[in-house]
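Engineer: Work the whole structure out from these sequences, hints included.
Number of protein chains: 2
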Amino acid sequence: MSVELELSPKTKRASGAPCCEPVVFPDVDREQALRLAEVAKALGDPIRLQLVDVLRKHAGKVCVCELVALFDIAQPTLSHHLKKLRDAGIVDSERRGVWAYYYVLPAALDELSAWLA
Amino acid sequence: MSVELELSPKTKRASGAPCCEPVVFPDVDREQALRLAEVAKALGDPIRLQLVDVLRKHAGKVCVCELVALFDIAQPTLSHHLKKLRDAGIVDSERRGVWAYYYVLPAALDELSAWLA
DNA sequence: AGATTGCATCTACGAACGTCGATGGATACG
DNA sequence: CGTATCCATCGACGTTCGTAGATGCAATCT
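Chains as they are written, first to last, in our numbering: chain A, 1 to 117; chain B, 1001 to 1117.
I should point out that these hints are in silico values taken from the structure, not numbers from a laboratory. Treat the hints with caution; some may be incorrect.
[To be verified] Partner residues are not named here, just some residues of chain B that face chain A (Cβ under 8 Å, in silico): (1) D1045; (2) L1049; (3) I1073; (4) A1117.
[Unchecked claim] Within a straight-line C-alpha distance of at most 16 Å, the following computed EDC-like cross-link-like pairs (lysine to aspartate or glutamate) qualify: (5) K83/A to E38/A; (6) K61/A to D92/A; (7) K41/A to D1045/B; (8) K1041/B to E1094/B; (9) K1057/B to D29/A; (10) K57/A to E1038/B; (11) K41/A to E1038/B.
Quick reminder that beta carbons are idealized off the backbone N, C-alpha and C, glycines included.
Structural biologist: Below, the structure is given as structure tokens:
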């Protein structure tokens, strides 16, 4: 009732006490935020983080059958986690006969690392 | 039928074709994985990641009323995200009168950064 | 050829998440 | 005082996530 309609929400500060500098920062690479959050989200599970850790420490490629032995979760669950990591661009896989070998794609982790640095 | 029952699942490899080196890596700091995943999970949302980005670029402390203006989400939702970041130990807050000011606690991000490096 | 093994996909379901509106407490202003 | 503002919490809703079992396919061994 009887409100000043012309004022934008931003200027409608408390009657006479500014809380801080008028503006903080306009934006923060909205596009990159989506990408970084996707990678961070993929790392946001202890098992996936350990998976990445194992794969990173093994510069080479690691067979899924070995990973299954390390974590006490069912094989389909492990496959699901690996798919999450693959979708996030953190790892990739390669089939050699019966076995699938996974390895780290450094680009995604590097981007996150650069943002954190 | 006539299967060797004494063998543990690990040693029951396919009859004569090893998939890779016998063992990958025993463990990976199980405790630290939980901590790192918690931080990564908190960063696994574009809004929270941008929030952290804004707070980091502002070495000082930022009022919530300014943050509300930057992102077009409702104020309770923003408060919810800030709580997530606080619970993960990424940020902390301080009340000054009516306003709440948020700032980054570098330790959590540093730990994640160190692991990625 | 038949059996076995390794892996991915599909389905299912309980748990957790993201968002919002409404409420309430604390502080500052008139 | 009374009122307005700022912020956190609560309740509710729909969506997504994490896990497991079942199924299916490909490749290897006997």
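Engineer: Checking against the hints above, which ones are violated?
Structural biologist: Numbers 3, 8, 10, in rising order.
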